[in-house]
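Asker: Protein chains in written order, with this note's numbering: chain A, 21 to 591; chain B, 5 to 67.
No wet-lab data here; the hints were simulated from the structure.
Predicted, not measured: the structure shown is a model, and the values here were computed from it.
Built from N, CA and C at the ideal position, the CB exists for glycine as well.
Treat the hints loosely; a few may be bogus.
What the hints assert, rightly or not - Away from chain A, derived, C-beta distances all over 12 Å, residues of chain B:
1. Leu7
2. Glu10
3. Glu15
4. Phe19
5. Glu21
6. Val26
7. Glu33
8. Glu36
9. Leu38
10. Arg41
11. Leu44
12. Leu45
13. Asn48
14. His49
Stated by the list, open to error - Pair ranges (Cβ atoms, derived):
15. B:Glu29 x A:Phe414: 18 to 28 Å
16. B:Glu58 x A:Gly415: 18 to 28 Å
17. B:Lys8 x A:His398: 54 to 64 Å
18. B:Leu30 x A:Thr24: 26 to 36 Å
19. A:Gln557 x B:Ala63: 26 to 36 Å
20. B:Leu56 x A:Asn132: 41 to 51 Å
21. B:Lys8 x A:Phe414: 43 to 53 Å
22. B:Leu56 x A:Arg124: 49 to 59 Å
Residues per chain are reported as follows:
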Amino acid sequence: MQKTYSNPVYPYVSSTDLNAEKAPHHPVVIVGAGPGGLALSIDFASQGISTVVLDDNNTVSVGSRAICFAKRTLEIMNRLGCAQRMIEKGVLWKHGKVFFKEERVYDFDLLNEGDHQIPAFINLQQYYFEEYLVDKVAEFKEIDLRWKSKVIAIDSQKDSTEIRVSVPDGEYTLTCDYLVCADGANSGVRSMLGLESKGQVFQDRFLISDVVMKANFPTERWFWFDPPFHPNQSALLHKQPDNVWRIDLQLGSDADPEYEQQEHVIRPRIQAMLGPETEFDIEWASVYTFQCRKMDHFIHNKVFFVGDAAHQVSPFGARGANGCIQSAENLVWKVANVLKGQAPEALIETYNTERQQGAKENILNSTRSTDFITPKNHISRVFRDQTLRLAKKFGFARTLVNSGRLSTPCQYTDSPLNSVELDTFDSPLCPGSVPKDAPIGVYGEQQWLLNQLGNQFVVLVTLDTIGPEEISEIIKLSDIQNLKILVAGNAILPDVIKSKVTKIDCTKGVLVERYDLKQNTTYLFRPDQIVSGRWRQCMSQTVEKAMRRALGFELNTDVSDRQTKTFEELK
Amino acid sequence: MRLKTEPNLSEPDRFYEALIDVHRELSAEQSECLNARLILLLANHIGHMEVLSEALIIAEEIE
Numbered sequence: 021m022q023k024t025y026s027n028p029v030y031p032y033v034s035s036t037d038l039n040a041e042k043a044p045h046h047p048v049v050i051v052g053a054g055p056g057g058l059a060l061s062i063d064f065a066s067q068g069i070s071t072v073v074l075d076d077n078n079t080v081s082v083g084s085r086a087i088c089f090a091k092r093t094l095e096i097m098n099r100l101g102c103a104q105r106m107i108e109k110g111v112l113w114k115h116g117k118v119f120f121k122e123e124r125v126y127d128f129d130l131l132n133e134g135d136h137q138i139p140a141f142i143n144l145q146q147y148y149f150e151e152y153l154v155d156k157v158a159e160f161k162e163i164d165l166r167w168k169s170k171v172i173a174i175d176s177q178k179d180s181t182e183i184r185v186s187v188p189d190g191e192y193t194l195t196c197d198y199l200v201c202a203d204g205a206n207s208g209v210r211s212m213l214g215l216e217s218k219g220q221v222f223q224d225r226f227l228i229s230d231v232v233m234k235a236n237f238p239t240e241r242w243f244w245f246d247p248p249f250h251p252n253q254s255a256l257l258h259k260q261p262d263n264v265w266r267i268d269l270q271l272g273s274d275a276d277p278e279y280e281q282q283e284h285v286i287r288p289r290i291q292a293m294l295g296p297e298t299e300f301d302i303e304w305a306s307v308y309t310f311q312c313r314k315m316d317h318f319i320h321n322k323v324f325f326v327g328d329a330a331h332q333v334s335p336f337g338a339r340g341a342n343g344c345i346q347s348a349e350n351l352v353w354k355v356a357n358v359l360k361g362q363a364p365e366a367l368i369e370t371y372n373t374e375r376q377q378g379a380k381e382n383i384l385n386s387t388r389s390t391d392f393i394t395p396k397n398h399i400s401r402v403f404r405d406q407t408l409r410l411a412k413k414f415g416f417a418r419t420l421v422n423s424g425r426l427s428t429p430c431q432y433t434d435s436p437l438n439s440v441e442l443d444t445f446d447s448p449l450c451p452g453s454v455p456k457d458a459p460i461g462v463y464g465e466q467q468w469l470l471n472q473l474g475n476q477f478v479v480l481v482t483l484d485t486i487g488p489e490e491i492s493e494i495i496k497l498s499d500i501q502n503l504k505i506l507v508a509g510n511a512i513l514p515d516v517i518k519s520k521v522t523k524i525d526c527t528k529g530v531l532v533e534r535y536d537l538k539q540n541t542t543y544l545f546r547p548d549q550i551v552s553g554r555w556r557q558c559m560s561q562t563v564e565k566a567m568r569r570a571l572g573f574e575l576n577t578d579v580s581d582r583q584t585k586t587f588e589e590l591k
Numbered sequence: 005m006r007l008k009t010e011p012n013l014s015e016p017d018r019f020y021e022a023l024i025d026v027h028r029e030l031s032a033e034q035s036e037c038l039n040a041r042l043i044l045l046l047a048n049h050i051g052h053m054e055v056l057s058e059a060l061i062i063a064e065e066i067e
């Protein structure tokens, strides 16, 4: 059925590991070459860590699946060197319409904040997203991507992991320090380890299809509640590249998936939605039920679960792939620092604490959307319908209409890696926040703040004037290992520190405003760019302490406390 | 902020009459819809989640 895209077929290459006498050892093995596994491997490579990536197939996503990629995901892709192709190919959108029965209830405009390098959202078929990542993978000698390689057995011990891999020309065994599983909602590794992802399965079935239309519909997100062409159900229309449109049709709880998946059944449903005049071809269609579930713990010994394998959501709000990429980013710098001996093992445990919070947030949002779209009983339907009727006239009711709250990054405000905030700021970017981008100048060149943050610890110091004290603090900062120093502000830097820092200009004052920068204001960013502390004074000692805290050196007692608690809870 | 449970209506009898009147000509189904709209409008006017939570709890407990 698919005409606009033909899946690449990647060659199977026999690995030398197949004929090794003793099971070869790799520091990091990744299972699954979907969006998560591919992003993980590139991010590890950017940290100088070699990985083996195993995928049981030899192509990218068949059918489109994820289509909506949000700002933070694209910012991460930009750091990995993949965002440009995605944004060029993707469809930019910000307008939408909501319909209820015969009527258009309201229009919306996402009114995105200006002065960002990366757009708020793009729509792009998952196969393009993956293909661009696969192309990028080829640029790294650190990544050994093995297609047609299926993990068929696993032995997970406290300190190491052994896996058995089945390939077209045999089987082999590998050992690794860390096994990262990004092998999807039906994770094979998860089942082999007897671990569960628990939660809620929604009764309603949905037909998800991609169609190519000859008509010229606007680049908007259209959502229908109880439309005349599909009574008592909901419908969604959203544009993707290549003139492909995503259509979601709610089918109800008693629909027969086998029957509904047939083209002669799908066609009239979509024709009714698009109008009798509209010509279209079906690219891909599938019937789904949605689940919101997660694992109780994303780490098992030295095995890590990322993406749908760890946490799964319904598609309303585009929180699946976007949540997955955030989990991947959260894990990599922690594992990398532990492998390099720069952080204690305890740091990795915070992958679980921070991403459990992210997963809970995504599940909560996506469950609320699903409950609004598919009311579970009579009275919730009454409230839903009356909310929509009020929304035609009143703004307040529009805030209650929930056809998906589009993915925003999780704020790790309670993370044990944060330094406590003691000073007052007129900026929401407290410790645990994802940074906001801002246009800056670097040595006369137009640049963006996030490009300067990269994947390492960065301290940003504001200096409008500079005296002996500031010079001394900057010199002390420059003695801290693996810390990049950015200096914002108008101070003329003396030669003694010029070579130790990157001077940035606050073009248009956006940076100053977004971060509420004043003389001596200091921010510390983690390697995943999360704000880990901010202060009104620049004291190298404070920054060094905050950096150690962000690397997990102060966690030991916390972790044992938590373990004791869990043990007591069990009793 | 707390939910006011001491008398607060400027004209209790008139309000009660108006509440009954607005439902007088309606079927049970229509009344249910009107009540839903009314709750949504009043909830937005109140605005504070803690006050609304308190009202939800009291309303639930009496059942």
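Asker: Measuring Cβ to Cβ, find out whether Leu45 (chain B) lies farther than 12 Å from everything in chain A.
Answerer: Answer for Leu45 (chain B): violated, closest chain A Cβ roughly 7 Å.
Asker: With 12 Å as the threshold, tell me whether His49 (chain B) passes as away from chain A on beta-carbon distances.
Answerer: With a cut-off of 12 Å, His49 (chain B) comes too close to chain A, as the shortest Cβ separation is near 9 Å.
Asker: Per the stated criterion, does the least C-beta distance between Val26 (chain B) and chain A lie above 12 Å, as a non-interface residue requires?
Answerer: holds, 15 Å
Asker: Does the beta carbon distance between Lys8 (chain B) and Phe414 (chain A) stay inside 43 to 53 Å, or does it fall outside?
Answerer: Roughly 24 Å apart at Cβ, these two residues miss the hinted range, so it is violated.
Asker: Report holds if the minimum CB distance from Glu15 (chain B) to chain A is greater than 12 Å, and violated otherwise.
Answerer: Since the minimum Cβ distance to chain A is about 25 Å, Glu15 (chain B) lies beyond 12 Å and the statement holds.
Asker: In this structure, is the beta-carbon distance linking Glu29 (chain B) and Phe414 (chain A) contained in 18 to 28 Å?
Answerer: holds, 24 Å
Asker: May I ask you to test the hint 26 to 36 Å on the CB atoms belonging to Gln557 (chain A) and Ala63 (chain B)?
Answerer: violated, 51 Å
Asker: Evaluate the condition: distance from the CB of Phe19 (chain B) to the nearest CB of chain A exceeds 12 Å.
Answerer: holds, 21 Å
Asker: Given a hint of 26 to 36 Å, does the C-beta separation of Leu30 (chain B) and Thr24 (chain A) actually sit inside it?
Answerer: violated, 52 Å
Asker: Decide, holds or violated, for the assertion that all CB atoms of chain A are farther than 12 Å from the CB of Glu33 (chain B).
Answerer: violated, 9 Å
Asker: Please check whether Leu56 (chain B) and Arg124 (chain A) have a Cβ separation lying inside 49 to 59 Å.
Answerer: violated, 30 Å
Asker: Falls inside 54 to 64 Å, the C-beta gap from Lys8 (chain B) to His398 (chain A)?
Answerer: violated, 31 Å
Checked against the numbered hints above, the structure violates hints 7, 8, 9, 10, 11, 12, 13, 14, 17, 18, 19, 20, 21 and 22; every other hint is satisfied.
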